[in-house]
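Undergrad: Listed below are the residues making up each chain.
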Amino acid sequence: MLKRETELEIKRFSARIHMETVKTIAKLGSGHLGGSLSVADLLAVLYHSVMRYDPENPRWEGRDWLVCSKGHAGPAVYSALALKGFMPLEELSTLNAPYTNLPSHCDRFRTKGIDMTTGSLGQGASTAAGIALAHKLKGMSNRVYLIMGDGELNEGQVWEMALFANHRKLDNMTAFVDCNKLQIDGRTDDICDLGDIAGKFREFGWHSKYADGHDVADIYNAIEEAKATPGAPSVIVLHTVKGHGWGAVENTAGSHSLSVSSEQLKEILEEMEKRFAV
Amino acid sequence: MGIVLSKENVSEKTEMRAAYCEGLMELARDNWDIIALDADLMGAMGTKPFQKMYPERAVDCGVQEANLFGVAAGMSAVGYIPFAHTFACFASRRACDQIFISGAYARLNVKVVGSDPGITAMLNGGTHMAFEDMGIMRGIPDMTVLEPTDTVMLKALMHQVVGKYGMHYLRLVRKNVNKVYEEGSSFEIGKAVLLREGGDLTIVSSGYCVAESIKATEILAEQGIEARHLNMFTWKPLDEAAIIRAAEETGAIVTAENHNTVTGLASAVASVLSEHCPVWLETVGVRDEFGDVGSIEYLSERYKLSAPHIVTAAKKALAKKAGR
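Protein chains in written order, with numbering that gives the first Met the number 0: chain A, 0 to 277; chain B, 0 to 323.
Hint data in this document are derived by calculation from the structure and do not stem from the laboratory.
Be aware that a few hints might be false.
As the list claims (entries may be wrong) - Computed cross-link-like contacts, SDA-like style, restricted to lysine to any residue with a CA-CA straight-line distance of at most 20 Å:
id, chain 1, residue 1, chain 2, residue 2
1, A, Lys137, B, Trp31
2, A, Lys137, B, Pro277
3, A, Lys137, B, Ala57
4, A, Lys22, A, Pro97
5, B, Lys51, A, Lys22
6, A, Lys168, B, Gln50
7, A, Lys137, B, Ala27
8, A, Lys168, B, Ile224
9, A, Lys26, A, Lys137
Unchecked claim - Listed next, with one range per pair, are the computed distances between beta-carbon atoms:
id, chain 1, residue 1, chain 2, residue 2, range
10, B, Gly165, A, Glu4, 44 to 50 Å
11, A, Glu60, B, Pro140, 26 to 32 Å
12, A, Ser92, B, His158, 43 to 49 Å
13, A, Ser92, B, Met52, 50 to 56 Å
Cβ coordinates follow ideal geometry from the N, Cα and C atoms, glycine included.
This is chain A alone, in the form it adopts within the complex (with noise of 0.2 Å):
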C-alpha cells in the first residue's frame, strides 16, 4: 500500500508533470497533448515509486526500461525525465526545434532516458517483449514496462505479440493501455469497438485488470498486484481522459493534437494550479 505522504508526492509530482507537458507544447504553439495529459499520472506513479533508474547512466544496466508505444505521448514522457534530472528543465522547451534531443514521438538514439523509438503504433508491443525476453535469458531481474494507447490497439501487431508474450511466460512485463476512449477519428467505440480490453488479454494468458489511470494510489496497487503475479505477462487498462487537466479539451477527440496559444497557456496553468493542489 502507498503511503499518504508517498500518494501527495506523486500527485504533485504528476502536477509537474502535467503543467511541464503543457507549457512544451504551448512554447512550440501545438502538439500532442490529449494523448500527452492522460497518461502523466501514470508516468508520476512509474518515475516516482516503480521503476528503477539513473539520470546520471541512463544505460544503467539494471534499469528498468519504459517503452511507450504510444510515442506521441513523448512529451510527457519528457517533462517527468527532465523532472528526474535526465536533463535540464530548460530542455523541454527545444521540442521539434532544429537539432533538438526531443522529437514529437519518442526516439532511443536522441534523448537520454528514452528506451526504445516507437511512433509506429503496435512496434512497441514487440519491442518491450523482445527487451523483456532478452532479460530472461540473461537471467537479469528488470522489468519492462510498455505504455499503449486504446487506439493503438487497433493494430494486429498488438495482438501478435499479446500471444507472443503469454506463451514465453514474460512475467517481468507489465503493460498498461491508456483507454481514454479516443482516437484521431472520433471515439473507440465508433472507428472500431475495442470491447472489454482487459478481457480480451485474460483470453490470452494475461494477469488483466482495469484501474482508475487518474488515481495513483490505484495505478500503484495494480502495479504492486502484476509484478507479484508470476507466470504470465500482465495489463493494466487504465480508464484516462484525453486531454486531462484541461477541462475546455477533455474527453474530446479534438485534444489528440492541437494548437495552444500563450494566453491558453496561462489560464490552462491556473486551472492545473487549482485542479491538482494537494
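Given chain A's structure and the hints, the job is docking chain B onto it.
TA: Positioned in the frame of chain A, the structure of chain B alone reads:
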C-alpha cells in the same frame, strides 16, 4: 581479399540453409549474444539443429512477421545479436515498417535474413516471389544489403556481419546453388569480387545470375569477346569505384540479377554510371513483373535470366559501344 574460384560451375552438395545453420552454430559457440529468430520457418530454413543445440537462443515466434522483427529489435537493444529469418517476401514486404522503424531508425543491430528470393521461390509462386526485396532494403538508410553467392561466401559474410554493429539484410537461396568459390576465399563487404578479367565489356552480377554470368562469359570468350565479370554481392554500400573503373576500362556494362530492374542492381549501377562515367548499359533482370509459379528452369527462361540472355545483352552493349 583473395578468392579461389571453383573450377567447375556446378551445383553445391551442401544446401545454403545447411551452411546458414552451421554458420549460426559456429558463431553461437563462441558468442553468447547470437540469437536465431524465425516465424514458423525453422524447419524450412533448416535451423532445427541450432534449436536443438541452443534451445534458449532459438526463438520461433510463430507466424507473426511483424512481431518477429520487433522482438529481434528489442533483444538487440539489450545487447543480443539476432539473426531473424523469414522468406524474403515477408521480411521485405510484410515487415518493412518494423525493420525500418524498430530496427533501422532505432539504430539497432538486427541481421535480417530473407530466403527464397526471386525465382528460387519456384513452386510457392507469385505470392512468395520477391523481386523487390533488395530494392526495399536499399531504401532504408544505414542498411547493409547483401546477396551471398554460395555457401563459402555466406559463412564468411555471417562472421563479418556479427562483427559490424548495425542493420544488415542477407538475401539467401535456401537450397542448392552453383559453387563459385572454394574454401579459403575471403570477401570484403562493399567490395565487388573480380571473377574474370576482360577488356571488351563488364558483366556485373548478383545471386542466381552469378553462375549464369560465368557461363555467359565462357560462351562470349569462345566467340572472341573478353568480358570482365564482377560479382556485386554487396548492393549497399555499392562498390562504386569498381563500377567506374569497369566503365572507364571496358566502356560497356551489363547487369544481371534475379530481381526487378526497377529498384534493382540495374538501377543502382545506372545511377553510378550516369553520375560518374556514362557508358552503354544493358540490363538482365525482371521487367517490372509479378512472380510466377514453376521450376527454376521454366522461371529462368520466363524472366530471361539465363546465360543465353546475358550473352545477348552483352552483344547489344558491345554493338552500342561500337556505334552500330
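Undergrad: Which hint numbers doesn't this structure obey?
TA: Violated hints (numbers, rising): 2, 5, 8 and 9; every other hint is consistent with the structure.
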